[in-house]
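Visitor: Chains as they are written, first to last, in the numbering used here: chain W, 1 to 134; chain V, 1 to 340.
I should point out that these hints are in silico values taken from the structure, not numbers from a laboratory.
Note that the coordinates shown come from a computational prediction; the quantities given were computed from them, not determined experimentally.
A portion of the hints provided could be inaccurate.
[To be verified] Rough simulated footprint, nothing fancy, chain W against chain V, three-plus residues with beta-carbon under 8 Å:
| id | stretch |
| --- | --- |
| 1 | 39 to 49 |
| 2 | 93 to 100 |
| 3 | 183 to 193 |
[To be verified] Below, computed lysine-lysine pairings styled on BS3-like, alpha-carbon distance capped at 27 Å:
| id | chain 1 | residue 1 | chain 2 | residue 2 |
| --- | --- | --- | --- | --- |
| 4 | V | 192 | W | 114 |
| 5 | W | 80 | W | 118 |
| 6 | V | 236 | W | 118 |
[To be verified] Here are some of the chain W residues that sit facing chain V, going by a computed Cβ distance under 8 Å:
| id | residue |
| --- | --- |
| 7 | 21 |
| 8 | 22 |
| 9 | 24 |
| 10 | 26 |
| 11 | 27 |
| 12 | 31 |
| 13 | 33 |
| 14 | 50 |
| 15 | 83 |
| 16 | 85 |
| 17 | 94 |
| 18 | 116 |
| 19 | 117 |
Ideal Cβ positions, reconstructed from N, Cα and C, are used throughout, including at glycine.
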Amino acid sequence: MENSEENTDPVYKNKNYGQYRELFYSYDENGNFQKSVGFHGTTTRVPLEQAWDLFNERIEEARQKVLAGKASPIVYYMEKILADPMGLSMMAGVSLWKLKLHCRPAFFKRLSEKTLAKYAEAFNITIDQLKNIE
Amino acid sequence: MNSKPVMINYTHRQAGHCESGATSNLFNFYGVKMSEPMAFGIGTGIYFSYLPFIKLMFAPMMSFRNLPNTVFRRSTKYLGVDSTVIRKFSNVKDSMDALDRNLEKGIPTGVQVGVFNLTFFPPEYRQHYNMHNMVVFGKEGNLYHVSDTVMEHPQTLTYEDLVRVRWAKGAFAPKGKMYWINSMPGELDIRKAVKLGVDKSVYEMTKVPFWLIGIKGMRVMAKDIRKWPKKHGNQKAAFYLGQILRMAEDYGTGGAGFRYIYGAFLKESGEMFNNSQLLEASDIMGRTANKWREFTYLGARNCKNRSSQPAEDYNTLGDMMMEIAGMEEQVFKTIEKLKI
């Protein structure tokens, strides 16, 4: 997501969700299908905002847990890329039961560089970033 | 990577749906005037499945469209066009080399990608969804020119980014899948293709012997909507409802979960062959799509207000869903035994 800050496209400057032009079809009373290009309406943006509120909440919750030492950074980054354990195990190529162990700080400390690299690649970050969350 | 720049004279046109848009643009490149709804209809893009036991982004999964690559594969098959689909590559380098070779030959090539790491996509739309399609039509050094029909203008991606999205992991991983058209036959038999496409859609929406696919799946979902507030509590029910609305309206569907596009296909083909069955079905489909839009408006209001009597609201929504299912069944009954 780093690229989005440098992008000068007005879409990215505007923090409101759903602010890019898409093609929509509609059906009018005369029985014709119309095409129009436009922004998302307010009502269709509501579910999107609602979903992102929930995701952000989950990310913050995970971050607090990690800072308190109750979970490993993997939990935080997993929430950050919006994945569930099943999805992450597919993405990183680590089996599910191992991944659940790695979510505990004690097991995370003992991980080899090779396994850490697998996770780092799935999260698209460096190993240092994986070890220390901001 | 040090080859000379290639730029194919490919026209980018925005479309409602990624894959049918890419297919229609590819047909247009080879000199056949094919609109997006036409490609969508012949390629049997319309679909419905409700899979509550699979969670996508923490909510039950539902799909309004067919499996990835169906639209391209079926529309070229039914029209008798010579095309190639490479389902998967064994490694990254092979897949990129194959793409480069195609570009040097002047063939615009479609690729299946994952959305999450697409750099030009608005951040809030990025999710783990690996069934997106776009067409690569040019290369300059490290930069690839791509045409993503959901966006208004053509975009560029670097080599590394393109590798990342083509090799996205997770459910339905694309594994470097790519497809292109080799050559066009002189005459296209559109009449036969429409008949084949409509018959397949009728089968998939009404006759698949599985209770979560097609009209039956919509009825199951309607019953589940009524149960959500009691079963999961208010907040979770609102989030689950939001998933339906996002799937139907937000993620590049042309509105109302592709129902408008399919209606436009029925109308266009009906006018082309002067067929009353298709025209009648297109009118019902248009009204169904409007009903879908009503459903999403009502649902969005429900998400926003979290009203005091949620159970009643969810009952209303469930009834509405049942009505929509009935209307769609009528559409497919009308075109069941199509005579053209």
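Visitor: Next step is simple, just say for each hint if it's right about the structure.
Guide: Quick rundown of the hints versus the structure:
| no. | hint | result |
| --- | --- | --- |
| 1 | 39 to 49 | violated (count 0) |
| 2 | 93 to 100 | violated (count 0) |
| 3 | 183 to 193 | violated (count 0) |
| 4 | 192/V with 114/W | violated, 56 Å |
| 5 | 80/W with 118/W | holds, 17 Å |
| 6 | 236/V with 118/W | violated, 33 Å |
| 7 | 21 | holds, 5 Å |
| 8 | 22 | holds, 7 Å |
| 9 | 24 | holds, 5 Å |
| 10 | 26 | holds, 7 Å |
| 11 | 27 | holds, 4 Å |
| 12 | 31 | holds, 6 Å |
| 13 | 33 | holds, 4 Å |
| 14 | 50 | holds, 5 Å |
| 15 | 83 | holds, 6 Å |
| 16 | 85 | violated, 11 Å |
| 17 | 94 | violated, 12 Å |
| 18 | 116 | violated, 17 Å |
| 19 | 117 | violated, 15 Å |
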